[in-house]
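Engineer: Here is what each chain is made of, one letter per residue.
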Amino acid sequence: MKRAGEFPSSIAASRVATLLRNIRTFKALLRMVHTLVKPTSDAHTLTIPAPLIKVACTQLERMEGMDGAKVVVLLTPQLMYFQRPHTNVKRLAVRVQRFIPEATFPPRLGFIELPYSQGPSLFTNLVIYHEIGHFVYEELSGQSNGTSPVDALESARTECLEAFPELQAEPDIRALAEEMVESWTQEIFCDLFALRLVGPAFTFALVEILAMLDSLSRKRTITFDQEHPAPACRFGEHVKLLREDGWWEKISHISPEQKMLVERLADIPSTDYKVDEGPEYLLAPFLDKVIPAVRALVRQVAPEAAPLAEKFAEERRTIEECLGVGVVPHTNPPTAALNPVSIINSAFCFYLTSFPSVVTKFEGENVENNVEIRSKWTKKLEDWTMKAIEDSQVRTQFEGMQTDGPSKERNSPPDAQPAGR
Amino acid sequence: MVLPKKEILHRMRNLPVGDPQNLVITPLLYRKEKDRDIFDAESIDLRLGCYFLLPKTLDQPYFSPDKRSATSLHVKVHVPLGEFLVVPAHQTILGATLEFIKLPSDVCGEVLTKSSVARTFVVVETAPWIHPQYRGCLTLEIANVSNTPVLLYPGRLICQLVLMHVKEDAAVVPTQPTGAVVPILKT
Numbered sequence: 020m021k022r023a024g025e026f027p028s029s030i031a032a033s034r035v036a037t038l039l040r041n042i043r044t045f046k047a048l049l050r051m052v053h054t055l056v057k058p059t060s061d062a063h064t065l066t067i068p069a070p071l072i073k074v075a076c077t078q079l080e081r082m083e084g085m086d087g088a089k090v091v092v093l094l095t096p097q098l099m100y101f102q103r104p105h106t107n108v109k110r111l112a113v114r115v116q117r118f119i120p121e122a123t124f125p126p127r128l129g130f131i132e133l134p135y136s137q138g139p140s141l142f143t144n145l146v147i148y149h150e151i152g153h154f155v156y157e158e159l160s161g162q163s164n165g166t167s168p169v170d171a172l173e174s175a176r177t178e179c180l181e182a183f184p185e186l187q188a189e190p191d192i193r194a195l196a197e198e199m200v201e202s203w204t205q206e207i208f209c210d211l212f213a214l215r216l217v218g219p220a221f222t223f224a225l226v227e228i229l230a231m232l233d234s235l236s237r238k239r240t241i242t243f244d245q246e247h248p249a250p251a252c253r254f255g256e257h258v259k260l261l262r263e264d265g266w267w268e269k270i271s272h273i274s275p276e277q278k279m280l281v282e283r284l285a286d287i288p289s290t291d292y293k294v295d296e297g298p299e300y301l302l303a304p305f306l307d308k309v310i311p312a313v314r315a316l317v318r319q320v321a322p323e324a325a326p327l328a329e330k331f332a333e334e335r336r337t338i339e340e341c342l343g344v345g346v347v348p349h350t351n352p353p354t355a356a357l358n359p360v361s362i363i364n365s366a367f368c369f370y371l372t373s374f375p376s377v378v379t380k381f382e383g384e385n386v387e388n389n390v391e392i393r394s395k396w397t398k399k400l401e402d403w404t405m406k407a408i409e410d411s412q413v414r415t416q417f418e419g420m421q422t423d424g425p426s427k428e429r430n431s432p433p434d435a436q437p438a439g440r
Numbered sequence: 004m005v006l007p008k009k010e011i012l013h014r015m016r017n018l019p020v021g022d023p024q025n026l027v028i029t030p031l032l033y034r035k036e037k038d039r040d041i042f043d044a045e046s047i048d049l050r051l052g053c054y055f056l057l058p059k060t061l062d063q064p065y066f067s068p069d070k071r072s073a074t075s076l077h078v079k080v081h082v083p084l085g086e087f088l089v090v091p092a093h094q095t096i097l098g099a100t101l102e103f104i105k106l107p108s109d110v111c112g113e114v115l116t117k118s119s120v121a122r123t124f125v126v127v128e129t130a131p132w133i134h135p136q137y138r139g140c141l142t143l144e145i146a147n148v149s150n151t152p153v154l155l156y157p158g159r160l161i162c163q164l165v166l167m168h169v170k171e172d173a174a175v176v177p178t179q180p181t182g183a184v185v186p187i188l189k190t
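Chains as they are written, first to last, in my numbering: chain F, 20 to 440; chain P, 4 to 190.
Extracted from the complex, chain F is given alone in its bound form (with noise of 0.2 Å):
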């Protein structure tokens, strides 16, 4: 910098401030290389849900618009799962693609945080959904052209605002109640999108981190914050999609508890919600118009579910015979890949009802509560449910193989564009 100062008089002043300016944009971007792309690369070496994410990515690679589409994850040591918002990143990679052309930035890149106690596990980590539902919405506003998805959305927001005139009058108010129905909106979009996406599993996995947050306490289920809507209205809202999606009847045969906890809390009215520290009127126009346009945006943007749910009911029993035999989740005989969804799903399910027996069967009588056995089984469970969701990507990568190209020597790598680490 202090020698760019020093240019000699012959280059113009102008010319001297664009180029001190290229290298502040450098630094940031090399300060951003060091807070997000290294840990980034990195992480694969961490214990992550590797093929969790990997079928989540290609769900999203696979919607309308979002071609290309990467999301990459980082841990954090606090318990919260949060998307990094990507659109400043991307606007500080376009300023240094000006004058490096070749430092060229993915055009859809997410960045989605887990908490490192989370790590490992399959079944919490579900709520990765919900972050991508966070990253796919932040796309689609920064593709608002009057005529998008979002533009209907956006205006049913302003008319929830506008029908309060003395909100008009206090600009602070005003400006706390745009946050708020901006979150709330978000929250909800992104709890149908990964019900889409992933089924009642999601449901399952949001019941067990809000349980492990403390956020199920009957005060805090019909509170919406300054930033979440309440849990009830949270699970209402899945209740209704699952319903209509074809899910709730698929699952009709397991009540666990959390399935009858989220019935229960689906069932308060409406009427009981409150708001915490925020003004109260904005809930009544949030529920009749907001959400009403939220789930129209939804089923706009993400795929069709009633497929997913048909395919579960199909595979069901033979994912949870394997699982209750200890055995990773396969079809005999080996015809077809198993669906990741239908997979995920089973297994939670199963985990939900069936999983005091499996521990039973190989440990013993009256063993069920041990905590130490229990999280030793846990594990195994995932372990075995991960294994048959990557086992599924790879025969359909394998399948995908044998068709495009010659095929290959018997020893030979199973991909001709090697790529090493």
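Some hints here could point you the wrong way.
[Said to hold, decoys possible] Covered by chain P, according to a simulated footprint, are these stretches of chain F (three or more residues, beta-carbon under 8 Å):
1. 335 to 348
2. 402 to 410
[Claimed, not checked] One side only, chain F facing chain P, incomplete, derived with CB under 8 Å:
3. Val413
4. Arg414
5. Phe417
Source of the hints: derived by calculation from the structure; they are not laboratory data.
Fair warning: this is a prediction, and the values are worked out from it, not measured in the lab.
Note that the Cβ used here is the ideal one computed from N, Cα and C, for glycine as well.
Fit chain P to the given chain F structure using the hints.
Structural biologist: Same frame as chain F, but now just chain P:
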């Protein structure tokens, strides 16, 4: 008696997964028109999995086989299908088979390096015996005994599994099924 291909396929395809005589090897990746890709008359070829344990440089000049060392000796690495891992010359790593295996109660097995792999000076498995009722992916000790680095591709055929009938039903033999799906280090 070594189990022939017909017997292996019968146990895999015709017996339900809960049957004590059922054999599980999953995923079975082979070209439909060429079963012989992985099945020989008396053995099955197994593929290399995607998880590895790489040795770390220890801060003490020896390895003590206790619990603490067992967790600090290696770094876990996931290499997706289509990519590769470089094993430097004279280096040893732990891998696992891609296939998850459940042996019946009356069958034991042995894992052998494939001859084509051995001829590249890669040695797989020095503790090859598998007990009846074993469940899990097989942990493989993989040594590059050559003078040059070797690329290991997950998904490549790396070892052979030979299955043998145990005359007395081994169901009476107490065995603890591990169910591991990644390479594990026992102490």
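Engineer: For which of the previously enumerated hints does the structure constitute a violation, in increasing order of number?
Structural biologist: none
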